[in-house]
Amino acid sequence: EDQVTQSPEALRLQEGESSSLNCSYTVSGLRGLFWYRQDPGKGPEFLFTLYSAGEEKEKERLKATLTKKESFLHITAPKPEDSATYLCAVQVRGGSEKLVFGKGTKLTVNP
Amino acid sequence: GAVVSQHPSRVICKSGTSVKIECRSLDFQATTMFWYRQFPKQSLMLMATSNEGSKATYEQGVEKDKFLINHASLTLSTLTVTSAHPEDSSFYICSAPRGRVGYTFGSGTRLTVV
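As they're listed, the protein sequences go chains A and G. Counting in the working numbering, the first sequence runs from 1 upward without gaps. Counting in the working numbering, the second sequence runs from 112 upward without gaps.
Since the hints were made in silico from the structure, they are not lab data.
Using 25 Å as the maximum straight-line C-alpha spacing, the simulated SDA-like pairs for lysine to any residue come out as follows:
id	chain 1	residue 1	chain 2	residue 2
1	A	LYS42	G	ARG221
2	G	LYS152	A	SER19
3	G	LYS175	G	SER200
In isolation and in its complexed conformation, chain A is listed as follows (with noise of 0.2 Å):
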C-alpha cells in the first residue's frame, strides 16, 4: 500500500531559526512528489513537484529535496509568516492522477 509519512507532526521555531520537515514515502513507482502549503480553513496552495532522486527546487525561504526514500522542505531564516501546515504528497506511477496526502506537519514561527 502506498504510504505518505511526516515528521514532525508539529514544530515550533523561533523567527530566523531553520530547520527541515521530513516526508517520508512508499510507493509501488513515484511519478511525482508535491509539497503544498495550508493555512487554517483554506484549500492546499502549490509550492513544488518533485520528480527524481537529487532534484532541488527553492522558492523564497522554502527549498525541497528528493531522495528514493523521502523528501525534505527547509526553512532558512523562517518569518511568522510562514506559520501554516505543510503537506507533502505522491502520485504513483502507473494508477491514476490522483493523490496520496501525508498528515502534515504544522509549523509555528514564533516573531
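Once you have looked at the hints, place chain G on chain A.
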C-alpha cells in the same frame, strides 16, 4: 493562474437534509475533479474522482448513494451530501489536476450538521 472556485465556504444544515457543494474551474477546463474530506488534524482523504460526462469513481468505504457527484460540464463539478448526519461534518475540498504544475485546490467547504 488556474483557479478553482468552491462554494459555499461554510454551511450549517440540519440532520437529514442535503447539501450541495460546487466547484468551478474559472480559467481552464477540468475534465477531472478530485473530492477530498479532511477531519481536524488529519490529512486529506480522497473520497471520489469525478470525470466529465461519466460516472464518478469512489474510493473504498465511501458511500456513493450518500455522496452524489456530478460532473456535467468541463467547468463544474458538484458534491451533494444527502441525508446529512453530524458525523458528516467535515472540511470538503475539491482539486483539479494541472499536469506538471501540480493540482489546483478549491478553498474548501466547512460543513456542520446539527
